[in-house]
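A.B. asks: So you can see what is in the structure, the chains are spelled out below.
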Amino acid sequence: MLDNIEVLQVLEIVIAVFMVVLAFLAINSKSLIKAVMFLSALSMLSVIGFVVMQAPDVAVTEAVIGSGLVTSLFVFTLLATKKVGVK
Amino acid sequence: MSAILLIAVPLLAAFISILVKKVSPYLLLLVSLFALVYPFFMDMSDVIIGGFDSPIGINLVVNKFALTSLIAVNGLFFLVVAVNIAQYKKLSSILLVALAGLNGLLLTGDLFNLFVFIEISGIAAYLITTTNKKPLQTFNYLVAGTVGSSLYLLGLIILYNMSGTLNMADMATFVEGNGMYTLFPFLLMFIGLGVEAKLLPFNSWVKGILGHSNNLSGAMIASVYATAIALVFGKLLAGVFQIEGTLALIIALVLGITILAGEAMAYASTKAREILLYSSIAQAGIVILLFTVGLGAWATFFAIANGVSKFILFGVVNRLTEEVGSDEMDQLKGSFVNNKLIGVSFTVAALSILGLPLFFGFVVKMNSLIGFFEPDFVSNLPGGNFIFPIIILVASVIEGVYFVKLLTKLWYKDSDVKVNFTPLFKYVVVVLAVALIVFGLFQGEVEELVASLINPGGVFIWN
Amino acid sequence: MIEILMNIGFGLGVATFGFVLQTAMGGINRKIAARLQKRRGPKWYQEFIDIFKLLSKRATSHGWIFDFGVIMALGGIIGTAMFMPITSSIVAFEGYDNFFIFVYLIAVGMLGMAMSASGSGNPLASIGVMRALTTMLAYEVPFMVVVMTIIKLTGTSSLTGIAVAQQTGDFNWFMIALPLGFIVAVMSLMGMLGKKPFETYIAPAEIASGPMVEYGGKQLGMLFIMHEITIFIEVSLFVHLFLGGAETIIMFLIKYFIVYAVLNLVSNVLGRFKIDQVVTFFFKWPLFFAVVQAMIAIHLGWVI
Amino acid sequence: MLQFAAIILLMLGLYGLLTQRNVIKIIISLNILEIGLNLFIISVGYFEGGLAPIFTSETPANPNFVDPLPQALVLTAIVIGVGTTALGLALARKIYQKYGTLNLDEMGEN
Chain X
1 MLDNIEVLQV LEIVIAVFMV VLAFLAINSK SLIKAVMFLS ALSMLSVIGF
51 VVMQAPDVAV TEAVIGSGLV TSLFVFTLLA TKKVGVK
Chain A
88 MSAILLIAVP LLAAFISILV KKVSPYLLLL VSLFALVYPF FMDMSDVIIG
138 GFDSPIGINL VVNKFALTSL IAVNGLFFLV VAVNIAQYKK LSSILLVALA
188 GLNGLLLTGD LFNLFVFIEI SGIAAYLITT TNKKPLQTFN YLVAGTVGSS
238 LYLLGLIILY NMSGTLNMAD MATFVEGNGM YTLFPFLLMF IGLGVEAKLL
288 PFNSWVKGIL GHSNNLSGAM IASVYATAIA LVFGKLLAGV FQIEGTLALI
338 IALVLGITIL AGEAMAYAST KAREILLYSS IAQAGIVILL FTVGLGAWAT
388 FFAIANGVSK FILFGVVNRL TEEVGSDEMD QLKGSFVNNK LIGVSFTVAA
438 LSILGLPLFF GFVVKMNSLI GFFEPDFVSN LPGGNFIFPI IILVASVIEG
488 VYFVKLLTKL WYKDSDVKVN FTPLFKYVVV VLAVALIVFG LFQGEVEELV
538 ASLINPGGVF IWN
Chain C
551 MIEILMNIGF GLGVATFGFV LQTAMGGINR KIAARLQKRR GPKWYQEFID
601 IFKLLSKRAT SHGWIFDFGV IMALGGIIGT AMFMPITSSI VAFEGYDNFF
651 IFVYLIAVGM LGMAMSASGS GNPLASIGVM RALTTMLAYE VPFMVVVMTI
701 IKLTGTSSLT GIAVAQQTGD FNWFMIALPL GFIVAVMSLM GMLGKKPFET
751 YIAPAEIASG PMVEYGGKQL GMLFIMHEIT IFIEVSLFVH LFLGGAETII
801 MFLIKYFIVY AVLNLVSNVL GRFKIDQVVT FFFKWPLFFA VVQAMIAIHL
851 GWVI
Chain F
855 MLQFAAIILL MLGLYGLLTQ RNVIKIIISL NILEIGLNLF IISVGYFEGG
905 LAPIFTSETP ANPNFVDPLP QALVLTAIVI GVGTTALGLA LARKIYQKYG
955 TLNLDEMGEN
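Chains as they are written, first to last, in the numbering used here: chain X, 1 to 87; chain A, 88 to 550; chain C, 551 to 854; chain F, 855 to 964.
Errors might be hidden in some of the hints.
[As the list claims (entries may be wrong)] With a straight-line cut-off of 25 Å between C-alpha atoms, the simulated DSS-like cross-links for lysine-lysine are:
1. 294/A <-> 948/F
2. 746/C <-> 805/C
3. 948/F <-> 34/X
4. 513/A <-> 420/A
5. 220/A <-> 358/A
6. 952/F <-> 176/A
7. 294/A <-> 952/F
8. 513/A <-> 427/A
9. 948/F <-> 30/X
10. 492/A <-> 745/C
11. 948/F <-> 108/A
[To be verified] Partner residues are not named here, just some residues of chain A that face chain C (Cβ under 8 Å, in silico):
12. 102
13. 271
14. 449
15. 460
16. 480
Hint data in this document are derived by calculation from the structure and do not stem from the laboratory.
Bear in mind that the values here come from a model prediction, so they are computed numbers and not experimental data.
Each residue gets a CB set at the ideal place from its N, CA and C atoms; glycine is no exception.
Based on the sequences and whatever the hints tell you, model everything.
C.D. replies: In structure tokens form, the structure reads like this:
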């Protein structure tokens, strides 16, 4: 049986590993739109990280602004530059 | 009357000016004039925000140093705005935000609040530099600035973790007790501020921004922002982190290289704007060096004298470049022959930076140098009060060479370069040049003013 | 107010004294050099005659920068000379005989000279000015290092203070106490005085006497006066810094004469460097010696 | 654990800034750096078993809160970060209009 704290610890490790992998992918992916999506996912994961670290209000802000607003800004910019997906 | 108005009024005005576009330039002029006049009527007492006392809540520190810097920075800001507003009406609200940010930088007594104001004034600065029409260079500036302030925040948070406070006065007592451990976070913060202050390894953005600057952005970044950031640096170095030992050595090394490399690049350059920008890198190095070794009071006036001179230099050269279409020295040859008044003011400003007698720059440079050899001045560096005077003197010599080169080119006889300056610009430039001379002549008064910044113990005033 | 006027009058007296002294010295040394070359040489007061002849002549002008620059050069140099102490007690402005004041004040004169020369529009003059500036860059650096060592050791930047420190026996004369530094300073002084081998910026016959190419009559006379006073300032600086200053005027005259005569003799047997040679020369050995001297004196504390 | 991840993210962000030559990629790297920084700041105030610093009817009398100050800082930092990101993207659009590319190497100037 895992108690509450151990669950949190496992969760922390999983999130940490995923975040690092996502960050790496976001930086190194060839396609811009994919990179933006990876960034968005990274941001979502950081929201969970904030919740784990007992910062719910930060998590809400990050979810709305960091994940939602920033991603949409990126997407709009990519659409405006009309070269989505290439290099 | 409360100092908070200096931050709140510009922000409110910025908000109004977005809503009512028509009045925004007038609002900007009015508010910046207010910001210039207001410090003269302020009480010398700290302001507490939000009802929490100072170690916990955010406070604004109002002391002689803050007042001096506020008057200098707001004065320069007002002049820059007054001269350029007709051409850049669209930027009114951004300039108001910049004003709020700069005043906040100089007033705040809280390290995190300082970060917020760095970002506010920084974002305003990026927007101001978009008027250069060089988006790539502005982008570089933005990236450098953001990374810099992120590093500042990182260092700050490590310090917070150690000390449990963000208040500058509290932090000062903590740092005093734990010198060694604050080394790494302080370096991070130093790098972060160093980006804005144009120190050497972190100043790759400067060339892109100031090398393509126009009337507004050149004077704004090189004069107003540079003065403000140098004074903020002074506030931190003199008030919070009185550094010594290895750390001081590292930093002094960085600064020494900044100064000499800046001067060397200015010497090698043939473009008027590049000469000025490299020279301003070196000047920033000297100011921060003076703050680092503990000659804070003179460093303050050094920064101010420099800001005034740079306003004239960049203002004139940018105007010339705009008209002639190039900033190569040979193209600008003889521009002053048809604009004697502007030419004389430019010469005064350049000579003041050089530190020639009769001008403000001399009083400041001279006294800083003598300060190094005062018997009661003990440098916090091994060999510190020996190497730095040499560096400053050598820098002055190199400055002498390239400024004379520049001046003789610009005064070259028989030229057909004809540039019109607006009467307002002429007037402002002449007034500033006269101010440089007046401050240079009344040396005794300046010394008294500086002495009033230093309390009897010889320590640069903090509280 | 009266006191200030008295001081200024005194200062002008010092400047005049310097001018007369150096002009006479210059004449005497021309004679010495002539004897060295088996000539009779001009009379010792020949330089006075030259200058007064030039001053009595009319001159052409090349625009107001040209004229103004000459006056600025002369005024700046006279202003500098006013602060120069002659003996430890004969100082016009007591407390203002600071080394840094001389560094910056002397630049005013140089600057006026440079402005005026470039204002003449002659390309040879511009070349001369550029060379003069480059030479200055070369010799100032090692010299500054040495002087800073002295200031650091004595703890004062006042010239009389430094001189007194040598007279009272706190230190030997710095030419003995800092032998390496002394050698460096001699080389720098030769650069400052524009003596061979560092006279590249005047370079007669090569760039037609450099900055001075367009001058004649009154202006040339004024420049001559300026030149003489400049030499007076630089040699006196050297005397105060390295030869222990002087207690009496007689001592000052003797020391002054020795320094100037020796430099003159040395320069008369040497050829002329090219401009890039000047720079590499100064940045090679003198700078190295200066730094070594500073290390020895300050870091290790070995002062003889 | 998350603290280490935060530092690694910071480093990755810096690595991206130094290696990437695409304007959008640089902004993405900046964002990664900021996320790492924010996580780090929160983790400074956090300790195991701490409670979220919010008073509710169920809060015990002597609550074991995590430090709320870093959270307040992060809220500010997030908003500022969005500001710079938006500005950066606007500049990216301008750059694209001017040079027709987002790659720094293809612009012919630095």
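A.B. asks: For the pair we were handed, residue 948/F and residue 30/X, check the Cα-Cα distance against 25 Å.
C.D. replies: The hint holds at about 22 Å.
A.B. asks: With a cut-off of 8 Å, does the beta carbon of residue 480/A approach a beta carbon of chain C closely enough for the hint to hold?
C.D. replies: For residue 480/A, the interface hint holds, since the closest Cβ of chain C sits about 5 Å away, which is under 8 Å.
A.B. asks: Run the distance test for residue 746/C versus residue 805/C: straight-line Cα separation, threshold 25 Å.
C.D. replies: Status holds; Cα separation ~21 Å.
A.B. asks: Starting from residue 513/A, check that the Cα of residue 427/A is at most 25 Å away, please.
C.D. replies: 11 Å, holds
A.B. asks: How about residue 102/A: closest beta carbon in chain C under 8 Å, or not?
C.D. replies: The hint is violated - residue 102/A has no Cβ within 8 Å of chain C, the shortest such distance being about 49 Å.
A.B. asks: Between residue 220/A and residue 358/A, is the straight-line Cα distance small enough, at 25 Å or below?
C.D. replies: 19 Å, holds
A.B. asks: Do the alpha carbons of residue 952/F and residue 176/A lie within 25 Å of each other, as the hint requires?
C.D. replies: Holds, because 24 Å separates the two Cα atoms, which is no more than 25 Å.
A.B. asks: Decide if the proposed pair is consistent with the structure: residue 948/F and residue 34/X, CA atoms, cutoff 25 Å inclusive.
C.D. replies: With Cα atoms ~22 Å apart, residue 948/F and residue 34/X stay inside 25 Å; holds.
A.B. asks: Starting from residue 948/F, check that the Cα of residue 108/A is at most 25 Å away, please.
C.D. replies: Within the cut-off at roughly 24 Å; holds.
A.B. asks: Are residue 271/A and chain C close enough, Cβ to Cβ, to be under 8 Å, as the hint says?
C.D. replies: 29 Å, violated
A.B. asks: Assess, step by step, whether the Cα of residue 492/A is no farther than 25 Å from the Cα of residue 745/C, and give holds or violated.
C.D. replies: Within the cut-off at roughly 24 Å; holds.
A.B. asks: Take a quick look at whether residue 294/A and residue 952/F sit within 25 Å of each other, Cα to Cα.
C.D. replies: Distance of about 20 Å is within 25 Å: holds.
The structure shown violates the earlier hints numbered 12, 13.
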